[in-house]
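Peer 1: Listed below are the residues making up each chain.
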Amino acid sequence: MQIPTDLLARIDEAISHYPVSKQSASLPLLHLWQEHFGFISDEAIEWIAAKLELEPIKVLGLVTFYPMFRRKAPGKHHIRVCRTLSCAMAGSYALKEKLSKAAGIEAEGHGHGAGGGCGGHGDPVTVSEDGKYSIEFVECLASCGTGPVCMVNDDFYEAVSDEEVTQILSKYQ
Amino acid sequence: MIFANVDREGYTPDIECYLRHGGYEDLRKATTMEPDAIVNDVKASGLRGRGGAGFPCGVKWGFIRRGGPKPTYLICNADESEPGTFKDRYIIHQDPHQLIEGMVISSFALDVHLAYIYIRGEFPEGARILERAIAEAKEKGFLGKNILGTGFDLEIYVHRGAGAYICGEETGLIESLEGKRAYPRIKPPYFPAVLGLYQCPTIVNNVETLCHVKHIVQMGGAEYAKLGRPNNTGTRILCVSGDVQRPGYFEVEVGSLTMGEVINDLCGGLKPGRKLKAIIPGGSSAKVLRADERYKVKEKAEDGSMVDKEIGIEEIRMDFDTLAAVGSMAGSGGVIVMDDTRDMVWTLNNLNEFYAHESCGQCTPCREGSLWMRKITDRILAGGGTEQDPDTLKSVADNIAGKTICAFGEACSWPTQSFVIKFREEFASRSTKPLPLPTPPEFLADRLSEEPTKALTTGSHH
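Each protein sequence line maps, in turn, to chains S and L. Take this note's numbering: the final residue in the first sequence is number 173, and no numbers are missing along the way. Take this note's numbering: the final residue in the second sequence is number 462, and no numbers are missing along the way.
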């Protein structure tokens, strides 16, 4: 596994923030890895576990617990739509449908889990056929006064109207 | 006070702008004070935690003994994720140094040399802004080694969560910061002030709470306590969302406004032609209040005696004690308003889906119960409501609250309990089919069959 030197430097910097216990650096390392490689592979789990002197199962246990970590590659641009009450009242279900349609993602119903989600809890992400976009419903993004809200990659959009959907997506090619 | 610089014209989150507006002057003042005097000021201020539980901050701090054998840690809880709450986001994005200054002062008072800001993973921009603010503060000598020449050292690091609501629970947060699954700890013995991060004394405070500390140092505890009402002191940020003309965040003196004033004066009232139906007053976990109900409260009469009074929803005073008296809570300050176009089954189902997704899975009543409740409301919405459903929902909820390690049990059962009790007719009118027995309560609508055996043999677990 070839880890770029700048990523290695950032990993070592992150570990230095936890002088008492290296295990505390687990989440930061998973974030750094996912930002760079897109998802958490088996290899990632082994590598991070070795780096932090942990059993790999400890790292896998984090990946399956924390919803932000993915075991599969998302699209080139990843969209998160807030599903929770205030945004839902402001139209987030319709927003997710419109974004999915504009991104060429086949709608697979609402929600996270067995009640009609995508791949269920742990794999909530749907990817467009061309691999350019992926979408998932997430829980409250803490901007309830300006719903419906969504994120594309790290960028945040609030009070998204129907007209803005294609405009927003066009920024991510 | 806290939001003085939020949405202020020309105000930027960099340290130069903060310094131009009197930034870090309160830290200078704090470093000339005895640490215990700061703790006493916080006690005298009556400040109650702004994260949700409303626990007196001074009491929490009072558990810490300076100079013990173990180090003390401070953690800022910036895992803002209670549905309906959106205040910390704006402090972090627009005025990060206010939080840093509050943290440095708190650390100085509590003899903390290592502090973390636990920020939710979905705030990547917020994390970057805080990291920049920390670097700026270090460069200016407000952070790092020998702060302002006092010999006091402090490092603050930003730690990002990864999408789990339970990390807002303070012991879950600590587990998460230790690099584990965020399973809340059993209390006692693990009160964080006694055994927290790395089994050392730890104070966990909300973003807004830590910002208040700065203003308490500035004003003095006694002066601060004059803001608001007795036992409900200071200001707090109300976040209003849902069916109002102008949703938004408003910093008000605690208890200075009634629910009606918040909705009508601050938020421009309801949309034209709509009627108020229900309000969730303190984040989604708070019990729902029905608009046409009368609420009993105790009020202080002119001669000082307490008299019983019956009031309508719009007369409810927005403070910790009044909202508790009417059977709900001030919680995190997130007010969600619903008008007469809203379907209460749909609303509860939305919240049930949230809690089913966010249960950490440690305790059986919560892990199974939250999912059961979601499946039942899902099925009612899909047209498969049975006569027993309102009672089943309530009984599932009743068997979660009080039977779990952390307060998530209450958080996930209170919405169901209150919605089903207060809007029973709405649930009952859609729960009319006879239940084919024996069938587990969470079976799906499309499995609802005239033949009991079929429902049983095709299985109901999806």
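Source of the hints: derived by calculation from the structure; they are not laboratory data. Because the structure is a prediction, the values reported are computed rather than measured. Any given hint might turn out to be false.
As the list claims (entries may be wrong) - Think about it this way: if two alpha-carbon atoms lie no more than 25 Å apart in a straight line, the pair counts; the simulated DSS-like pairs of lysine-lysine are:
1. L:138 x S:22
2. L:70 x S:22
3. S:22 x L:433
4. S:58 x L:180
5. S:51 x L:180
6. S:76 x S:58
Peer 1: Work down the list of hints and note, for each, if the structure agrees.
Peer 2: Tested hints:
1. L:138 x S:22: holds, 24 Å
2. L:70 x S:22: With Cα atoms ~19 Å apart, residue 70 of chain L and residue 22 of chain S stay inside 25 Å; holds.
3. S:22 x L:433: Violated - the C-alpha atoms of residue 433 of chain L and residue 22 of chain S are around 57 Å apart, more than 25 Å.
4. S:58 x L:180: holds, 8 Å
5. S:51 x L:180: holds, 16 Å
6. S:76 x S:58: The given pair, whose Cα atoms are some 28 Å apart, is violated under the 25 Å limit.
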